[in-house]
Amino acid sequence: MDKKTMTIIAVVAIVAIVIVAVAVVSMNPQKDTSKSDVRYALQVMGNADEDTTITSKDVTIIEEIIAGSLSFKDYPYADANNDGKVDKADVDLMKNIMERKNGTKMYVVNVDVSSADQSKYVSEVTYPLSKIVPYGVNIVEPIVAIDGGKNVAGYFAKGYPVQEASMMGEDLKGGSRSIGDAAWKNFLTLDSKVHVDAFVISYDNRAQLLDTYVDDLVAASIPLICYAAANPDGEVTAALTIGFLMGGESEKLGKKYADIYENVLDKVDTVTKKKAEADMSNYLSMIMYSSICQNDSTYNNTGAAAGGIPYYKVDSDFAQLYKGTGSTALSTVEGLSNIHADKVLNYRSIDQITSSSVVKKEIIETWEHENSKKISAKMLFEHADFDNDDFYFINNVLASPIKVAYSAHILYSDSLSKEWANSILQEFIDSGFTSYKGKTITENFITIFNYQDYLDAKA
Amino acid sequence: MSEIVITRTREQLKREYYKALSRKLILLTVCITGILLFIGLFSLSVFDSISLGETYEIIWNHIVGNNDYEPRSLEWWADRYIWNRSIPHILVAIIAGCCLSICGALMQSLMSNPLADPYTTGISSGACFGAVTAIIAGITFSSITGEMGIVTNAFIGAMIPALIIILISARIRMTPATIILIGTGISYFFNSMVTYLMISTDADTLKTAYIWQVGSLDGMTWASVPLMFTVTLVGSILVLLSWRQLNLMSLGEESAVSLGLDVQKFRILCLILMSLMTAGVVTYVGIIGFVGLVAPHIVRLVIGGDNKYVIPLSMAVGTLLLLFADYVAIQFANLPVGVVMSLIGSPVFLILILYNHKSRGVLY
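Protein sequence lines, in the order shown, are assigned to chains A and B. The working numbering applies: residue 137 is where the first sequence begins, and numbers increase by one. The working numbering applies: residue 38 is where the second sequence begins, and numbers increase by one.
Keep in mind that the hints were calculated from the coordinates and are not lab data. Don't be surprised by glycine CBs; every beta carbon is placed ideally from N, CA and C. Among the clues, some could well be false.
[To be verified] Partial chain B-side listing against chain A, Cβ under 7 Å, derived:
#1 Ser110
#2 Leu111
#3 Thr245
#4 Asp255
My request is simple: use the sequences and hints to build the entire structure.
Below, the structure is given as structure tokens:
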């Protein structure tokens, strides 16, 4: 055999081996059974990989568990029908879930309203949710944004009328801080007429849902869905999950809501990873004009998601003084003089604006509002050692991804510009979120403002 | 000559007796009619789309076990609401009205002071401190948490002022003025603690604490009834049996002592009883003001000061007042009943003072 013939045989053999290898590989594809590492996930049983949607990958994981090659223990969400085991019934249910078939029973993982530590609870709902009753400003915001307002059969309070204008349904007359027997009676009457699909509540409002009201929901088998929506991760989880359960445009918007949030977190992560620990910004969270958030307040989560370090972690005296989950109203003008946080993130809920004159009025009113001890944010700022760019009010009515972006800008303005934060709000507007679409940043939204903005407004 | 005088006096006395009796009967009739009217026509009429007749039909069907309605239908919800919410709500209003007004009558006789009410000894501020500590700080005096933790805290807090008074009474002589001053001191102390807790919390928790403070009948269930009912029933019987001693106390301490009453012992026993009764009620409904103050005054204005009649009729008037305030509270903006009671109670109180002044020159 000459050299030429041997070369031809070798090339043919290599080609044959490659073809066979490709054929073998394509006949046994490498299955992706990795779990998602997002901080929030679609909370529907069957979302085995705990990412933001249900796909064939979840079915694959379930089949692998049945086959014994994966462990159920590692994929607790694989139990689509929530019966404590993974079997063919889960695969059958997954087919219906994948098809988004109307009338499909789905099992939603949410927070137990009666628990003090936000333990998990599974509610059974029927797809799609088309008649819900939400309670709590923090959960109403994402529901309205994902076009869920059309699926609201009744509501207890409209705290921010412009923002929530798309919320349909019957006004049940309850207050934003209490439901009350009369309003609950209206809810029962409404349910007798339309058979509500689910009662959705923000965890921070659980105290208003008295045990007796919960008993009614249980007796009537009305699903109760609860998320810690005052926390950015909880709000995004609520948008994602409720959007999925409503289906259609709401599902798309819920997914988009989560994707934008993920992009914001990635960007923040990129910036903060480059920083030395000493260069990380710490922050003090404030609410209600002049109250300091206590260590475990949910408001501290927004700053943390924005890559900041909550002030209580760097000042042990402060940590000792401000234990708890609520807030402390300051009673002297020197209230902030001993606090040496890098930044102050003061959250204030302001509805969408309808005219430019409202902006100045809101900014002035926010800075000058006096609490019961006659203390305003203006007084606190003027008696403390903060620069203009260290103390900001952030509009709490905005969606969490936007709030986190603006908070990140305040914390790391050298790396994350205001234009970048504005672009996140613009993405909400452009993506068609119901309470944002057709609006402009300058004409419809108050985002963040500092003392200089207050002086400008006064001038 | 003397015979004529005696005859006229007898007739006069007879007329006055019948007049007084008729006043009592009229007041009792008005109260019972009013209570039945409020319960029958207003308090049970809970759903706009269900007529009063249908409401009674639902109640009857429930009693005879014929309440197999389609789940989540209006009748199903109404049956559930009436039995689990409306009836306990009405019962609590009746019990609270009876208890607070009987305690008011008791305190006013005991202290010989028209301004005394069940909260004079600082019970309300103690209960409030207990409840607010549970609501705001999350600290309970027992291992119980949640709504029952608030109830337990309020009860224990309400008993602290009574305990202080009893401990002090072992060392010094207790006059009405001393008790009122001790009560005022205790109230200031607890109020300062409550104020501190309230200014240091967030708006939502503050509202929950504040609603508890002003008193509300919202959210009452059958679980609220047994303790309130037991302490009110036992306490009322004991107070009703003590009408003679209370009449002696109304004459003033010296007169009561001269007529053989161990004033110190009786006063302390009554204070313990009144503290238990009031604590049993405020623990569940919060601090509903004016019932205990106004109801006995209305009764005294109409029938005089005999505690044999003042006490039971105060219970009837107090119940009627609270049911009326509750109805107004539900109809108008769903306010806490304590707010409406104060709105109604304060002008009624002023009118009573002016009316009494016009007829007698002084209130007492």
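Verification of the supplied hints:
1. Ser110: 6 Å, holds
2. Leu111: Because about 4 Å separates Leu111 of chain B from the closest Cβ in chain A, which is inside the 7 Å limit, the hint holds.
3. Thr245: Holds, about 6 Å.
4. Asp255: 5 Å, holds
Hint violations for this structure: none, all hints satisfied.
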